[in-house]
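> Read off the chains here:
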Amino acid sequence: MSDIPTAEELIKINHNPPATDWMDTPVNIRKGMYCYASNPKSVAYLGLPNARKWNPLDDDWKLPENWQQILHEGFKERLERFRTFKVYMDICVRCGACADKCHFFIGTGDPKNMPVLRAELLRSVYRNDFTTAGKVLGKIAGARELTLDVLKEWWYYLFQCTECRRCSVFCPYGIDTAEITIMGRELLNLIGLNIDWIATPVANCFRTGNHLGIQPHAFKDMLDFFVEDIEEVTGIDLEVSYQKKGADILFITPSGDVFADPGTYTCMGYMILFDYLKKEYGLDVTWSTYASEGGNFGFFTSHETMKRLNAKMYAEAERLGVKWILGGECGHMWRVVTQYMDTMNGPANFLEEPVSPITGTKFENTKSTKMVHIVEFTADLIKHGKLNLDKSRNDHLNITFHDSCNTARGMGMLDEPRYIINNVCNNFHEMPANTIREQTFCCGSGSGLNAGEDMELRMCGGLPRAHAVKHVHEKYGVNSLACICALDRAVFPDLMDYWVPGVEVTGLHEMVANALVFPGECKRTTDLRGEPLLGMEDEADE
Amino acid sequence: MNVKYMFSLMAVVFLFLFSYLGAEVAGLKVLFGIIIPYVAILIFVAGFVSRMMDWAASAVPFAIPTTCGQQSSLPWIKQNRIDNPSTKTGVIIRMLLEILCFRSLFRNTKMKIHQGQKISYKLEIWLWVSALAFHWAFLVVLVRHLRFFTEPIPGFVKFLEFMDGFFKIEFVDSFMQIGLPGIFMSGLVLLAAVSFLLVRRIMVPQVKYISLAADFFPLFLIIGITVSGIYMRYVSKVDIVGIKELTMGLATLHPTIPEGISSVFFVHLFFVCSLLVYIPFSKLMHMGGIFLSPTRNMLANTRAFRHVNPWNYPVKTHTYEEYEDEFREKMIDAGLPVDKKE
Ligand code: HEM
Ligand code: SF4
Ligand code: SF4
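Going down the list, the protein sequences come from chains Z and B.
Counting from 0, one number per residue, gives the positions in the first sequence under numbering that gives the first Met the number 0.
Counting from 0, one number per residue, gives the positions in the second sequence under numbering that gives the first Met the number 0.
Bear in mind the hints are in silico, worked out from the structure with no lab data behind them.
Treat the hints with care, as some may be off.
Just a few of them, taken from the derived set where beta-carbon distance is under 10 angstroms, the chain Z residues facing chain B [as the list claims (entries may be wrong)]:
{"#": "1", "residue": "N27"}
{"#": "2", "residue": "R29"}
{"#": "3", "residue": "K30"}
{"#": "4", "residue": "A50"}
{"#": "5", "residue": "E79"}
{"#": "6", "residue": "A96"}
{"#": "7", "residue": "N127"}
{"#": "8", "residue": "K277"}
{"#": "9", "residue": "K278"}
{"#": "10", "residue": "G281"}
{"#": "11", "residue": "T360"}
{"#": "12", "residue": "H470"}
{"#": "13", "residue": "T524"}
Where a beta carbon is used, it is the ideal one built from N, C-alpha and C, also for glycine.
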């Protein structure tokens, strides 16, 4: 992170727009603010259009000759297919209520990062191509032709939106700029304008079942490795079940939890919880290497690609003959599962309506998708007193909780995680009200923007979230940011180091596992990370 | 100087001159009093209906409500039934709150970075207040105008006038003897609110930056309508009886042009017609669009009930068989179960 400005410099943001009108201000594709172009191999593997090597900084983007026509027809088709797109192209009154709600506008001051202007980038072309007023009055009606410069502007700013939907909460008509970004990215994909941090994970996921391209044996190695770690720290000896036919439950979590710290500790948390439930209540959970990805970067490409990746979940559940699916802590995975999966790849009639085999609770709200969130599952276990928890084992943590955009605004899972937190730890402080729950601020790296090369963009976008953490860090001494999203866990450590050094990042089930007391277990002196528990500093050293 | 609002201002000035000179100098009263109103109504109705049908013809492939509160999940967790509605009643209440109270706009906050240190998000209520005042006042004015198109005047119009003319009783009573007509709040509120919205659009740098000529035009036009209306009512004292004859003629499809109607009236009427014609082709269609906004009007019960996509089509996936074929040996070596052992 040496080549990006310091935090003191970066926060000097000018939110006043420039003197030139936005249509007359050409796009400046700046290093640190964009992600590299996709690797042609990944694009070709997926059979997506116009696989070639290209560089966003070059003048020539190596587009198909008739790219304008492709986009015009693609636009038209999407207007017919998506009422959201059509209505939202027409009804924005440009009241500006959404403007300072976007973390990218707050963090960069770039007016084209106001949701309304981001949408106007597409709307201006829409007016030119599809409305009478635009055709007759041209620029004075806010219409403009789709030139190469406009296209470059689309690309730059559509990959500076994390599809977080915060703007949609404040818009008087519910205009969801995320939806417009989704359409815009779909259009860009028609002429091969993707970014590699999305295209390659998607290709990997298609082939190996997960974004990281981990092959089945290596996936198993990783979990085996965790088994050893767990034994070392807790003395618990456990076994993981893989693609077991006839198991009760198939468990799917984002592969980020398997591969990247500190998500790995959350993954260990799941394993420990399942082992506890197996030993205590005979719960039968299985993992799959084929469906080893909960997340879905296809969602950041096109609806079709999202469907192609998501199909594995139901396919694997059917092949294994499980009763229902349990899903791990992830943000956009749950947006897809909640609002798209059943429609795209359902109905999942081969599964049963989910019932917790331990508490008998029927998860009424999931009776069609047949997929339960592990936070709902665990909250239900705690409520029924099925877990023996020692909260004090998280006393070394002072927690605040980040609502992920997708679980907040694309699902509404707000109180379940808080219930768990309050049952597994003693020190919990909320961030300010305008930055949590449905008004939560994005991590700044969602929707496939969590690459390394756009670090400055990520630090800008994460500013509002980081500053809310800073507030509770300074006020209450919060030292740990809890979240229920693998992407958060992957990107928050950098963000915290940059804006709020001294705050660590944890998943919910890591804390659950820390607190979970096994019958006859050996005394714990450290948490899963090997950090001494409060008051155990001496013993932990031995 | 900003071309965008100058353009819109000039357009409204042009409409004014066109109608004033047309009625006053050229005497085209039949054109402005009969033909244009009928044409405008036709364009408005046909345009409005066709826009709505056009939107409705577009598919709703996915249920993507923006959830703004706690979901319905475990029985002991309190759901936010309005902001995350899983029942039709919830959706209806959510939509009513949006349409009648501008619920989402009420959440508005203003972000500020204090000396590069703290960021605050304070409640910013003025956009909500002025937008709500503007729309309600507009509605009241509109309903009050029904007195020109009905005979006898319906009770609710009279009642509204009574309520709206509150000031008449409170303050103006003592002046009544000198013959000042009662003052209606709605017209003044409308003018104040629409002026505030205009000033806001010009003064707030970000809002000015995003504004198009098309955003200034309706504001100037509505100011034009309001000012001409207020002028007729409180200043020039136009011939109300003659005007009612004209408007009743329009309403009963027996149009006439009575003598002695002031040209200001034709300006007022022409402005209104311009607005009617403008609505279907512009952002003012938001009044219809909000009803069709999928992030607000859909049920958030997507995990319990399957939403059907009318154009769902099969896609190429990577099946388990293909996967196992590629990795079978490695899977067997690692001790992972496989379907085909060869
Ligand atoms: C269902 C009914 C309606 C709803 C929920 C609604 C909502 C809104 C909202 C929230 C705004 C934003 C305020 C702003 O832009 O400053 C707005 C603006 C506006 N509305 Fe409506 N509206 C409705 C009907 C109408 C109608 C019937 C008209 C008639 C002319 C109208 C004319 C306008 C105008 C001119 C603006 C722009 C104000 C500006 O540019 O600042 N609306 N509307
Ligand atoms: S809040 Fe909605 S209507 Fe207002 S500018 Fe933003 S998108 Fe447009
Ligand atoms: S979806 Fe989020 S990132 Fe995108 S424009 Fe809206 S607030 Fe900004």
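> None of the hints should be skipped; say for each whether it holds.
Status of each hint after checking the structure:
Below 10 angstroms, beta-carbon pairs count as interface contacts, and N27(Z) has none with chain B, the closest being about 17 angstroms; its hint is therefore violated. Here the hint on R29(Z) is broken, as its CB sits about 20 angstroms from the closest CB of chain B, past 10 angstroms. Residue-level restraint check for K30(Z) is violated (minimum Cβ-Cβ distance to chain B is 24 angstroms; threshold 10 angstroms). For A50(Z), the shortest C-beta to C-beta distance to chain B is roughly 16 angstroms, which exceeds 10 angstroms, and the interface hint is violated.
Using the Cβ-Cβ criterion of 10 angstroms, the hint placing E79(Z) at the interface with chain B is satisfied: the shortest such distance is roughly 6 angstroms. With a cut of 10 angstroms, the hint placing A96(Z) at the interface with chain B holds, because the nearest CB-to-CB distance is about 5 angstroms. Given the 10 angstroms rule on beta carbons, the hint for N127(Z) is violated: about 13 angstroms separates it from the nearest Cβ of chain B. The interface hint given for K277(Z) is violated, since its Cβ lies 18 angstroms from the closest Cβ of chain B, which is over the 10 angstroms cut-off.
Residue-level restraint check for K278(Z) is violated (minimum Cβ-Cβ distance to chain B is 22 angstroms; threshold 10 angstroms). For G281(Z), the shortest C-beta to C-beta distance to chain B is roughly 21 angstroms, which exceeds 10 angstroms, and the interface hint is violated. About 7 angstroms separates the beta-carbon of T360(Z) from the nearest beta-carbon of chain B, less than 10 angstroms, and the hint is met. Nearest Cβ of chain B to the Cβ of H470(Z): about 8 angstroms, under the 10 angstroms cut. The hint holds.
The criterion of a C-beta within 10 angstroms of any C-beta in chain B is not met by T524(Z), whose closest approach is roughly 33 angstroms, and the hint is violated.
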